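Visitor: Here is what each chain is made of, one letter per residue.
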Amino acid sequence: MTAHNTKHETRNAKRGWLLFGLLLLAAVSGRAAAAAGVVESATPRFETRELVVDSRGAVGLAAWQVELKYDPAAVAIVGVEGGAAAPFGPDKPPFYDPKGLTAGRIILANLTTDGKLRTGAQAVAKLHLRITAPGEPKIETKVVAAGTAAGARIKATAEVKKKS
Amino acid sequence: MKIPPHILRSLAAAVVMLAACLWSGCSVTPRGMAPCTTASGFSFSDLSDREESSRTLEGVPVTDEVWVIERPSAPHSGKEAAARADLLAEGKNGELVPIPLRHSSYEVKVAGILAETHVRQRYENPFSAKIEATYVFPLPDDAAVTDFLMVIGERRIRGIIREREEAKKIYEEAKRQGYVAALLTEERPNIFTQKIANIEPGKQIDVEITYFNTVKYLDGEFELALPTVVGPRYNPAGTTDGVDAMPRGKGCKSPQAVAVEYLAPNERSGHLVGIAVTLDPQLPVARIGSPSHEITTEAMEGGRTRIVLAARETVPNRDFILRWRPADKPLQTAFWTGRNGDERAFALLLIPPADETTLPRQPREMIFVVDRSGSMDGAPLKKVQEAMRACLEGLDAKDTFQIVEFSNRASSFGSDPVPATAANLKRALTYVEKLKADGGTEAAAGFKLAFAIPHDEAKLRIVSIMTDGYIGNEEEILALVKSKLGGARVFAFGVGNSVNRYLIEGLAAVGHGAAAFVGLDEDSGTAVGRFYRRAAYPALTDVAVDWGALGVEDVFPKRLPDLFPGRPVLVTGRLTSAIPGGATISVCGRRGGETIRNRIAVAESATPAPAVCHIWARHKIAQLLLENAGERDGRLRQRLAEFSISHTVLCPYTAFLAVDASRVTAGDAGYSVNVPVPVPDGVRYDTTVVDPEQRAQPANRKSERAY
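Protein sequences appear in the order of chains A and B. The numbering used here applies: residue 2 is where the first sequence begins, and numbers increase by one. The numbering used here applies: residue 39 is where the second sequence begins, and numbers increase by one.
Don't read these hints as lab results, they were simulated from the structure. Please read all numbers here as calculations on a predicted model, not as lab measurements. Among the clues, some could well be false.
[To be verified] Computed list of lysine-lysine pairs in DSS-like fashion (alpha-carbon distance at most 30 Å, straight line): (1) K100/A x K596/B; (2) K162/A x K147/B; (3) K100/A x K206/B; (4) K139/A x K100/A; (5) K164/A x K596/B; (6) K163/A x K207/B; (7) K147/B x K100/A; (8) K596/B x K93/A; (9) K147/B x K163/A; (10) K147/B x K93/A; (11) K207/B x K164/A; (12) K206/B x K164/A; (13) K207/B x K70/A; (14) K147/B x K139/A; (15) K420/B x K139/A; (16) K162/A x K206/B; (17) K100/A x K241/B.
All chains, please: the whole structure from these sequences, using the hints.
Guide: So this is what it looks like as structure tokens:
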């Protein structure tokens, strides 16, 4: 009876210390990871990105339509705001077509009747994002249409970038 | 007793392991998840490393919910105690109660029968700590909510429509991380919840909601109705997804999914409502007026009129009603088309003849169902009694009738329908005059009893309910009526200044009948008398539309109701192709013993409004919800959510979400504050709003049931 008890005690104590050791190891590695700034992929973060449309030619951009594609498991758009300055400033949020939203596709569009149009690269929208994957989210852009106040098509490119 | 050493050693190991867990940041609550909040509002997971928080939160009463920003080792502001004092500010003797909702404004543009409304709610934090504001508010039950903006200063962030649970999850994450976020959800087709997280002290945030609906055309008059307050609802025992009526500050104690907090009679808030309508009636108008509010009108260019409240602002305690009557002959059946991107839709307003005297009269079997619950006490019950008098006096000798009344339970004037003889009518009038309002709103009991009354097949059975509709179990009632209806028609009559129009309109829809409303300042005898007289003259039964060469699909309502004089029916559908030139449609039906066929020329509208597409989408959602009342499975919810997202029209399974991800707000913790509202004009607080503590006491059973 006594021999059995002693054996049982030793086995329990060994198990306890083994568990403790494993947990301590996990705890230390957790601390180290946190100190190194490693972001847990399960912790979502909220960030903004600018949608920049670069239109060429002498005539300013009056209307644009851009398709965005992204991995919906890694990033979600949680709000859209106007860009940095007039005519597509922060008080002029773009409109969106939600068809395909659940599959990671959204079409943003806006137009202005403001007379002061701009050419070249301009931030036309600010995207409010919830990012669940580590690192920079990949968002593909495609200009569906870009036009002048007269309705003429103009050549343009678009990209999503961090505000510099 | 001696503890064996092996147990001591195991315990020691466990204590050391727990310490290690705490040291490494591991807690009972996993990272990224909400801290577990107890009924008292304390967050266990945060107490260990937030001693100051726990001290300042000590005085928080059990009714408040406190949330803590998820930010490692952030300095604590220590302002919570002061904030508490603000939140507990009592309004006595009509004193202002500080609430985070300062102002609401409604800007309505009416063009023909289409209305586009922009609602702007201004939230301002009057407290000294961050808050999350929650406001439960009404919109018309046919409102197609299509756009949502969060406005912070000059910045306007457009919200994105998402599946509801996903949107809620993201909102909670943003709230916990300290971002300003706004979430709009639909609780009922006419009840919505607006939440805004992380409003900093003294800061202001606006939300703008856009919706489309149609104005009603009833008895030769157009009517625009804007509800401004949700009436206090009664929820039968066992209900958990109802809409509760709670005293201010007690909302979080509600067992229901949604709780509306009400200001006590001696309290008021500074929340006022402004309403402005730009009316383009698209036909000459003889008269514009409002039975609910004093208005001023101003003629504008192009036959339009600008209507505003004479007092500019008003307390939101009654529906705003605007009516206008065409100057010329009554409106004829009308057809509109709309276009939104690639989508094309139509709206058809079927208008029956207005003069019932030309129609054959059908003997009726009237079953009146009268709500005499606590919320009907006073003016509403008086209106019902007035209306009942008019109805009974309007019965023909060939008609039969019966009266059912309900509050906590249902009872009836007699067991079978009785002939409308002078003696029976006299006895019935005495019965109605003696009704007293008290107790709960067990509408199911009332309808069950009404449908159990034996039916004479030779007569048209009309079940007519008179109520304010203040119940939280609308779905159950609609499903019940749908299952018991048989060949009967339901005529629903809403009484009061802030009626639950979703229930009233829903009953009329599932009951293939019609709905009518009367405010407490209106003459119910005349309105109801006319309504029920007309119920005896169906202008067209077995109605069907032959669409001819028109390519249509998803036409709603799927089964067209009988047409009664003065009660037009709106039919909407999707156009699958352009309308060919010279196209006609035929409206067919039976009138008396003969078959009637009306041919109507249809064409594309000169300016196809996107609003028609939004309204069609909303009707499709409403039809699916009504068809499946009480039995919505996951597949249907998924289908509705997908449709709602792809058409950007809110439904109960989606939400609009906006997060300002550009900045984390200051402060570590916040309080959830519900916006309390006044009880609607004509409704008594003491018979409708019950303290949760009182509900639990058997001695207060009467108050528990009083709604």
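Visitor: For K206/B and K164/A, compute the direct alpha-carbon distance and say whether it is at most 30 Å.
Guide: With Cα atoms ~28 Å apart, K206/B and K164/A stay inside 30 Å; holds.
Visitor: Check the hint pairing K163/A with K207/B against an upper bound of 30 Å on the C-alpha distance.
Guide: holds (25 Å)
Visitor: Has the given pair, K147/B with K163/A, been kept, meaning a C-alpha gap of at most 30 Å?
Guide: Roughly 40 Å separates the two Cα atoms, so the pair is violated.
Visitor: Is it true that the CA of K100/A sits at most 30 Å from the CA of K241/B?
Guide: Roughly 35 Å separates the two Cα atoms, so the pair is violated.
Visitor: Does the structure keep K420/B and K139/A at a Cα separation of 30 Å or less?
Guide: violated (66 Å)
Visitor: Hey, K207/B versus K164/A, does the alpha-carbon distance stay inside 30 Å?
Guide: The hint holds at about 27 Å.
Visitor: With a cut-off of 30 Å on the C-alpha distance, tell me whether K147/B and K93/A pass.
Guide: holds (21 Å)
Visitor: For the pair we were handed, K100/A and K596/B, check the Cα-Cα distance against 30 Å.
Guide: holds (26 Å)
Visitor: Does K207/B pair with K70/A here, judged by a C-alpha cut-off of 30 Å?
Guide: holds (22 Å)
Visitor: Within 30 Å, alpha carbon to alpha carbon, are K139/A and K100/A?
Guide: This hinted pair holds, its Cα atoms lying about 20 Å apart.
Visitor: Within 30 Å, alpha carbon to alpha carbon, are K100/A and K206/B?
Guide: holds (21 Å)
Visitor: Sort out whether K596/B lies within 30 Å of K164/A, counting only the CA atoms.
Guide: violated (52 Å)
Hint compliance for this structure: hints 2, 5, 8, 9, 14, 15, 17 are broken, all remaining hints hold.
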